[in-house]
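Protein sequence lines, in the order shown, are assigned to chains A and B.
Counting with full-length UniProt numbering, you get residues 1 to 376 for the letters of the first sequence.
Counting with full-length UniProt numbering, you get residues 1 to 376 for the letters of the second sequence.
Careful, some of the hints might be misleading.
The list treats identical chains as interchangeable, and a pair is accepted whether it falls inside one copy or across any two copies.
To be verified - In silico SDA-like links for lysine to any residue, alpha-carbon gap of 25 Å or less:
id: 1; residue 1: 279; residue 2: 320
id: 2; residue 1: 279; residue 2: 41
id: 3; residue 1: 279; residue 2: 319
id: 4; residue 1: 279; residue 2: 151
Hint data in this document are derived by calculation from the structure and do not stem from the laboratory.
What you are looking at is a predicted structure, and each value in this text was computed from that prediction instead of being measured.
Protein chains: 2
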Amino acid sequence: MDTSAIPLVSADAHVNEPRRLWWDALPASMRDRAPARIRPSEEGAWELRRHEQTTLTQRQADAAEEAARNEQNDLAHRLAVMREDGINAECVFPTIGLYVWEMDDAALGEACCQIYNDWIFDTLESKSPRHRCAGMIPTWDMAMALRELRRIADLGLGSAMLPLRGVPEEYNSPHWEPFWEAVEECGLPVVLHQGSGHDMLFYRGPGAAVANLLATQSMAPRSAALLTTSGALERHPGLHVVFVETNAAWLSWAMDTLDSYYDAFLANPGWVRPELAEKPSHYLRRQVHGTFQWDPTGIHNIDRTGTGPLLWGSDYPHSEGTYPHSRAVVQEQFGHLAEADAAAILGGNATRLFGFDPAVVGTPVPDPDPTTRRTA
Amino acid sequence: MDTSAIPLVSADAHVNEPRRLWWDALPASMRDRAPARIRPSEEGAWELRRHEQTTLTQRQADAAEEAARNEQNDLAHRLAVMREDGINAECVFPTIGLYVWEMDDAALGEACCQIYNDWIFDTLESKSPRHRCAGMIPTWDMAMALRELRRIADLGLGSAMLPLRGVPEEYNSPHWEPFWEAVEECGLPVVLHQGSGHDMLFYRGPGAAVANLLATQSMAPRSAALLTTSGALERHPGLHVVFVETNAAWLSWAMDTLDSYYDAFLANPGWVRPELAEKPSHYLRRQVHGTFQWDPTGIHNIDRTGTGPLLWGSDYPHSEGTYPHSRAVVQEQFGHLAEADAAAILGGNATRLFGFDPAVVGTPVPDPDPTTRRTA
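So that you can see chain A by itself, here it is in the shape it has in the complex (with noise of 0.2 Å):
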């Protein structure tokens, strides 16, 4: 099958953001905090740093830097990217700001996700209806949460983010209750990201570098089970939660899991609680999801999951994101599929999920200069 008629949406994108601007929004007394860059380990870990810990020289460096990357996030840039790499539409995470859970002060973090929230709600998302950008929720206390949440929804943001890991409460605590209540009234998919929300640097030494992102891969199916087991996903059934760069190929394997222990603990008297309507693979198949860019494994799965779990993306801009050859790596992946298998996995999920028109994800994106436009 020949994919390359299918419309295809990313449903991992990324923007590099301005290097000031946060530093240029926060008040004063938190200016030395404001987070300015990530730094990478040898452990392809990476590390958030704030402007207090950056030299001279790197601020020299980000300030010549600047005007590429403001041009980059540029939206008229971004369409051409898109048009070149056979994109119709992006879902699109911060880059740094995958970071901002890591800090202990919970003023600065939600001042943190404000900022980042009105800068991408302006530079994307009020002028395109071929971009959902994530909201980032500061999940220092839950008010706070709510507030910004409510915020965000009214602002017309396109999801909900979360760190991977639940902080300050793993994802099964009643803690999360209200936020789901209120997510779901939102109608906003709840988005976690790979790498936010705990330590990157699991192991050191010989292979780390490869080994910590199977880690923090791993941390999805651990999260997924907690919003299972705890009955979350079936109070909630409007709650839908998108792993993102996470691949899918595990969901299959933990809805095996899960099931079968669920079923051997019911003899257990105490250990299965709550007891739930179905089996916990229904709400897995029904209400998570999970991204990728190469994943033959998820897609092979698709007898056992479903499509629905599974979303493409292309995870642009970073170096390990398929442009500029994003529609051969799908036509390698998904050329052996149903055609409206593979429609919905490179673009129908996301766009009933993140809420894109249907219209405009159908369509590429135009070419603004005729005089470069292809003859037919």
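Position chain B relative to chain A; hints supplied.
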């Protein structure tokens, strides 16, 4: 396909150790700290209790129960159960012993491993060609670990047991290199059982019992990743690692994720070290294995992993095991496979890895009492 004639080896069986095993054998100075029982929590997690932590009432109840426990460990009883359940041979693991790696004291830990190893050798291994029993490796210190490894290999035990998560060093550490070298030389497979070497109580509260079991299984891909990306499996092609009761469905996900980040990270100087001659999936497929009672996803994925990584096990006599319905559970999972594939997973792989005599494994346990033998 009818699986009833395929020789069945359980790659995951247990003994319930006599409760006085360690108390009887430890020197007087260590007796109070002797492992005595394991205590279940409502979170599906088990915790070791030492003699000094048990009450007089518990000790009296334990004493009353001791004769029954000893009878269950008697070879004749064990063989009768196997005959009833259609199982020709077993790989045997401890139950209370699984939690010995939680101990802090190295000398006590070493003594506990030695006591178990001598006891299981006398009780089953030395008496039965149908049993290959794991020898517990005291990992508190490398000299100690190597000493006990050579001792159990000379004794004739069937595998070398390490905790699921590396202690005191993670499994990518050069610390382990002498052990991989020695175990490869001994020709014993390394076995790592679910729930060992880490706190089982990942989570508390709603749904935690079931979620904790997925969390402990999720340590298997992480340890497998470390063994792969550190080059340990490449340097020791004779080293086989069997993850017991962790299921095998995670293997295909781990293969795809490790391969894709391995490839992507080659572009970042210093991130991929060591570089491997083949992609990570090559070593996982060749040397890593997982056992399961019920794993339809793992079976579904054999066209990606091959059958080599999969081993079926009954988990007898634990409550989540398949006794006395093992043959029905096997038929349901394997009936749609090619006979050669089913035979590999149901016994062929275990026979090769654990060094059973194929002629013995190929024949059902004989009925010692002809008066109870069914007429053909």
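Hints and how they fare:
no. : hint      : in the structure
1   : 279 / 320 : between (36 Å within a copy, 17 Å between copies)
2   : 279 / 41  : between (41 Å within a copy, 22 Å between copies)
3   : 279 / 319 : between (39 Å within a copy, 19 Å between copies)
4   : 279 / 151 : neither (35 Å within a copy, 47 Å between copies)
Of the numbered hints listed earlier, the single one contradicted by the structure is hint 4.
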